[in-house]
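In the order they appear, the protein sequences are chains A and B. Going by my numbering, 993 is the number at position 173 of the first sequence; the sequence numbering is gapless. Going by my numbering, 133 is the number at position 113 of the second sequence; the sequence numbering is gapless.
Keep in mind that the hints were calculated from the coordinates and are not lab data. Hints may be right or wrong, so weigh each one.
[Said to hold, decoys possible] Some chain B residues near chain A, calculated using beta-carbon distances under 7 Å:
(1) SER112
(2) GLU113
(3) ASP131
(4) PRO136
[What the hints assert, rightly or not] Cut-off 30 Å, straight-line C-alpha distance, at most; resulting in silico cross-link-like pairs (DSBU-like, lysine-lysine):
(5) LYS54(B) <-> LYS73(B)
(6) LYS104(B) <-> LYS907(A)
(7) LYS54(B) <-> LYS120(B)
(8) LYS853(A) <-> LYS120(B)
(9) LYS119(B) <-> LYS980(A)
(10) LYS119(B) <-> LYS853(A)
(11) LYS104(B) <-> LYS126(B)
Bear in mind that the values here come from a model prediction, so they are computed numbers and not experimental data. By construction, the Cβ of each residue, glycine as well, lies at the ideal position given by its N, Cα and C atoms.
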Amino acid sequence: MNRILIWDIPTRVFHWLLAVSFVGAYLTAETEKFRNLHLALGYTMLGLIVFRIFWGFAGTRYARFSSFRFGIGDVKTYLQSLLSSPKHYLGHNPAGALAIFALMSLAVLTPLVGIALYFEVGGYSLEELWEESHEMLGNAMLLVVLGHLAGVVVSSVIHKENLVGSMINGHKQGPAELGISRAYPLIGMILVLAVLGFWWVYLR
Amino acid sequence: MKHHVYLILLMASGVLYAADTPQSMMERYATEAKAEQSDFQGFSAERGEVFFKSTHGGDWSCASCHTSVPTQSGEHAGTGKTIKPLAPSVNSERFTRLKKTEKWFKRNCNDVLDRPCTAVEKGDVMTYLLSL
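Extracted from the complex, chain A is given alone in its bound form (with noise of 0.2 Å):
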């Protein structure tokens, strides 16, 4: 066993990114003071998927959707293996990548519904629909978040593996093939300055 790199880190970037724009949109949900925050989260979450999309076909092994396209009967076949002999992955486990393609779904569906209310879309008669899905979307975002973090917690302590370490640093302990080659540095700093610039122009 070896310390190996798995996660590059455009895809690093882009979690952590996701996460901050996810509490901050939350946070500033009930307030029309930092509305402008609030919207500028809302499209930069839209702009990570969207990079997203492409690095989940362009990326690095982990990083490929077809690494972690995972049928509802492997959620079930992995979360009973947890009961007996826990089936590891290095890459995403079946329940992690169902948190990620649920969650990628609500931060694309909960900032369009929120643009939709935002440019009265419809115009009074659709606003409650509006208003009432972006915030059922929003909560629903939560929830998958908190049953995310439980499952990193639960993956970390049955594998004995920190997860919240891997997905920051990029490593985990596995046979020295298995690990990716290159981690993409650069187009993680482009990633990091591109939502940076968008900040600095939308919120100045």
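Fit chain B to the given chain A structure using the hints.
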């Protein structure tokens, strides 16, 4: 026949949807105000106007976004977005859905006063807006 049923359902939902009026909201706030203050003497447009145009410990007053002439369009103090006039005399959509009214009193009172508004404050402001 089937179409008639749909039509009736549609009309019924429309009626339910727009069941609230400024008057029905005022009655509701009056009932709440009596529960708040045993010596409640009725709402006052003058008190509402002062409340609307004053700050309450924070940066913003109601007028910061809605202007001190609520028959005119306002502008969001944060985003610059145009806000349609608040006075029902020029904007008949105002105060026709209790849920919306309550939502915005909740959000805006928290931003302006850092606490929820009392029923007396809400009724006073509405009385002022309805007097314009």
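Q: Against the structure, test the hints numbered earlier, and report the numbers of the ones violated in rising order.
A: 1, 4, 6 and 9
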